[in-house]
Amino acid sequence: MEFNWTEEQREYRARIRDFLERELPADWSEVSRHGPGSREVTEFSLEFCPKLAAEGLLVPHWPVEWGGRERPAWEHFILGEEMWAAGEPRGAQYMNVNWIGPTLMRFGTEEQKNRYIPQMAAGKAIWCQGFSEPNAGSDLARLRTRAIRDGDDYVINGSKIWTSYAAMAEHCFLLARTGAAEGKAGIAIFLVPMSTPGIEVRGIPSLIGHGDIHEVFFTDVRVPATARLGEEGEAWSIISYSLANERVGIPRYELASRTLTSMVKELKRRGEFDNPVIQARAGSASAACEAARLLVYRIVDARSRGENLGAEASLARIAVTEADQAVTNFGLDFLPDAFSGHDYPDYLAHHERAIVTSIAAGAAEIQLGLIARQWLDLPREAS
Amino acid sequence: MRFIANEDQAAFLSVLDQMIEPHRVWRVAHDWSRYDWSAELDEALETSGFYACAAEPSLGLTAAAIMTYRLATLPVLVESAASSTLRALHAPDLPRPVAVIEGELLSVAPYLPLAKSVIWIGEDLVQAAVLPDGAVDPVESIFAYPMGVLKAPAMEWKTLATDPAIARDVWRVALAAEMTGCLKGGLDTVVAHVRARQQFGRPLGSFQGIQHRLAVAAVKVEAAYWLTVRAAQHPGTPEPSAALGYVQEAATPVVHDLHQFMGAMGLTLEHPLHRWTYRVRLLKSSMGGGSTNMRGVAAKRWEAA
Chain U
-1 MEFNWTEEQR
9 EYRARIRDFL
19 ERELPADWSE
29 VSRHGPGSRE
39 VTEFSLEFCP
49 KLAAEGLLVP
59 HWPVEWGGRE
69 RPAWEHFILG
79 EEMWAAGEPR
89 GAQYMNVNWI
99 GPTLMRFGTE
109 EQKNRYIPQM
119 AAGKAIWCQG
129 FSEPNAGSDL
139 ARLRTRAIRD
149 GDDYVINGSK
159 IWTSYAAMAE
169 HCFLLARTGA
179 AEGKAGIAIF
189 LVPMSTPGIE
199 VRGIPSLIGH
209 GDIHEVFFTD
219 VRVPATARLG
229 EEGEAWSIIS
239 YSLANERVGI
249 PRYELASRTL
259 TSMVKELKRR
269 GEFDNPVIQA
279 RAGSASAACE
289 AARLLVYRIV
299 DARSRGENLG
309 AEASLARIAV
319 TEADQAVTNF
329 GLDFLPDAFS
339 GHDYPDYLAH
349 HERAIVTSIA
359 AGAAEIQLGL
369 IARQWLDLPR
379 EAS
Chain X
3 MRFIANEDQA
13 AFLSVLDQMI
23 EPHRVWRVAH
33 DWSRYDWSAE
43 LDEALETSGF
53 YACAAEPSLG
63 LTAAAIMTYR
73 LATLPVLVES
83 AASSTLRALH
93 APDLPRPVAV
103 IEGELLSVAP
113 YLPLAKSVIW
123 IGEDLVQAAV
133 LPDGAVDPVE
143 SIFAYPMGVL
153 KAPAMEWKTL
163 ATDPAIARDV
173 WRVALAAEMT
183 GCLKGGLDTV
193 VAHVRARQQF
203 GRPLGSFQGI
213 QHRLAVAAVK
223 VEAAYWLTVR
233 AAQHPGTPEP
243 SAALGYVQEA
253 ATPVVHDLHQ
263 FMGAMGLTLE
273 HPLHRWTYRV
283 RLLKSSMGGG
293 STNMRGVAAK
303 RWEAA
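Chains U and X, in that order, give the protein sequences.
Residue 381 is where the first sequence ends in the numbering used here, and the numbering goes up by one at each step.
Residue 307 is where the second sequence ends in the numbering used here, and the numbering goes up by one at each step.
It should be emphasised that the hints constitute simulated quantities derived from the structure, not laboratory data.
Treat the hints with caution; some may be incorrect.
No farther apart than 16 Å at their CA atoms in a straight line, the calculated lysine to aspartate or glutamate pairs in the EDC-like style are these [said to hold, decoys possible]:
{"id": "1", "chain 1": "U", "residue 1": "Lys122", "chain 2": "U", "residue 2": "Glu45"}
{"id": "2", "chain 1": "X", "residue 1": "Lys118", "chain 2": "X", "residue 2": "Glu45"}
{"id": "3", "chain 1": "U", "residue 1": "Lys263", "chain 2": "U", "residue 2": "Glu168"}
{"id": "4", "chain 1": "X", "residue 1": "Lys153", "chain 2": "X", "residue 2": "Asp126"}
{"id": "5", "chain 1": "U", "residue 1": "Lys263", "chain 2": "X", "residue 2": "Asp126"}
{"id": "6", "chain 1": "X", "residue 1": "Lys302", "chain 2": "U", "residue 2": "Asp272"}
{"id": "7", "chain 1": "X", "residue 1": "Lys160", "chain 2": "X", "residue 2": "Asp139"}
{"id": "8", "chain 1": "U", "residue 1": "Lys266", "chain 2": "X", "residue 2": "Asp135"}
{"id": "9", "chain 1": "U", "residue 1": "Lys263", "chain 2": "U", "residue 2": "Asp341"}
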């Protein structure tokens, strides 16, 4: 067992930090404070990601064939830590890097791959994820948006909700029901241009950054059958593959840990860090961040050896949630004034990202159920 | 970054598992004692050299911590924490079992009635002494250890040739390993119980109210384990304090839930749950307890901030 970074990994991290130092504008804290889904960050990402791509830092873990350098899983993760902790200047494009691109590589037709992946690798593609619906959130298999086959086309009707990045996305990775089958078996994936007639996007004012979540309505949206990814009924197995990576895709503990350090420095500056209660709470929050880090790293380590772990991802997700909450509560308890006004954009940014941690990418309660069944081998709840 | 054991560690832990497996069987202590000292297993581990593993470069404190964790999952008691860490690294000639006293020398401490030697961890000094016959008064206790107190402070103390701060961190790692193993032992026995125990026509473990709380406990145990294993490689950093503080802060709600889901059976000496939970209930105050260790994390992490 070995828990230290190699010299090569340290240098790689330093290279990313140098790049960020060079490329992020002076007012970046204020820009990124609005969230990865905001218009400001999305527009910035379209300038930033091509530069990242030119440095070989956008998709380093992808195959050479698709613009990558086949670098180890650890480098992909170090990159993710630095980007998220810096306010995610890749905006929505982190999804392309983490899972939409790899999913297309594995399941897409040659036409789909050639059409979409080069744009992603160049840092010029904004996608959104059309999964949740008003009556299908955690129970996603109950989704009702329907795609009816009509000759060589599908006609899509329905609506999606909580869709991040939808207002500026060029494409949607959409789940829709195609057949008569209920549940998971009747769902297919469609790669839908957001400019297709019949799509309407409405923003939802929220607590998590402006412009971050939306409703998306599909009214007689006609797409060619070639927009379908995989076969009808295959969506569930495809997204299970995609989201196995995504469950620990965002290294939230890194931003939490750096925010905590910033808060401690501020408390020291104010002469308040001598309080033993505050010291103990800071230590607890720090330990929570490190606990989350290690449970996530265990998964990355397995991935780096070509292994896929199961319930360990859910364990990590709960630990990450606890870390984000520990830091959020630390700030709210001991620096309450910092959450009003504009003097502490980094704390506000962390707060807005942290309050979604236990909900996004599979609610905490779903993760706890998975841990109970898959890790503890407890019997499924009676229906 | 590698989360799997090296070749030597894997071989070491494999043999260890074979040796400890027969001791997973629960038996009531003949005198209804709250602990079941396994002289047989303790001696077998000593004569096979297991307690010296920390001094082997390819095994290190990492292997010692994992061994202490695995031994603590058993319903029987052996003395691994001090022997495989402080003794192995800094006082290999001390006769064992070894008891450790923190702070006040004449305070009640675990293992003392069985111990052949004692290590005293003070603020600025770590000392060791061989215990003469009759040096200890046994103390009746609720904890699942043989508890005792020195009759007098005067002994032939020798200062260990190590930085006391590092020794304190090594001991934190040992305690974290033992506590985490105890929580794992308790969790496993409770999980087995709620899988089998039927109420309202279904297993207790099928109720979401129970599933989610045990799932949270599982997260705490896993996180504590990896914090401990990593900390074993980094004495002198905030990590040992974080590992011990984390499991100490997790201990109270987890122990509460374990007893809650075991119901009245968990209150008896006929069921082994207390063998783990009443070790945890002692260890959660070790080295000052959770808050003190978390303050240690803060002091070390942000000393220069």
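Cross-check of the supplied hints:
Of the pairs offered as hints, the one joining Lys122(U) and Glu45(U) holds, with about 8 Å between alpha carbons and a cut-off of 16 Å not exceeded. Restraint check for Lys118(X) and Glu45(X): the C-alpha separation of about 13 Å stays at or below 16 Å, so the hint holds. Taking the CA atoms of Lys263(U) and Glu168(U), the gap is near 42 Å; set against the 16 Å cutoff, the hint is violated. The hinted pair formed by Lys153(X) and Asp126(X) fails the criterion: a straight-line CA distance of about 23 Å is larger than 16 Å.
Of the supplied pair hints, the one linking Lys263(U) and Asp126(X) is violated, its CA atoms being roughly 29 Å apart against a limit of 16 Å. About 14 Å separates the Cα atoms of Lys302(X) and Asp272(U), which keeps this hinted pair within 16 Å; it holds. A distance of roughly 22 Å separates the Cα atoms of Lys160(X) and Asp139(X); the hinted pair therefore is violated under the 16 Å criterion. The suggested pairing of Lys266(U) with Asp135(X) is violated, with an alpha-carbon distance near 52 Å, which exceeds 16 Å.
With a CA separation close to 15 Å, the supplied pair Lys263(U) and Asp341(U) stays within the 16 Å bound.
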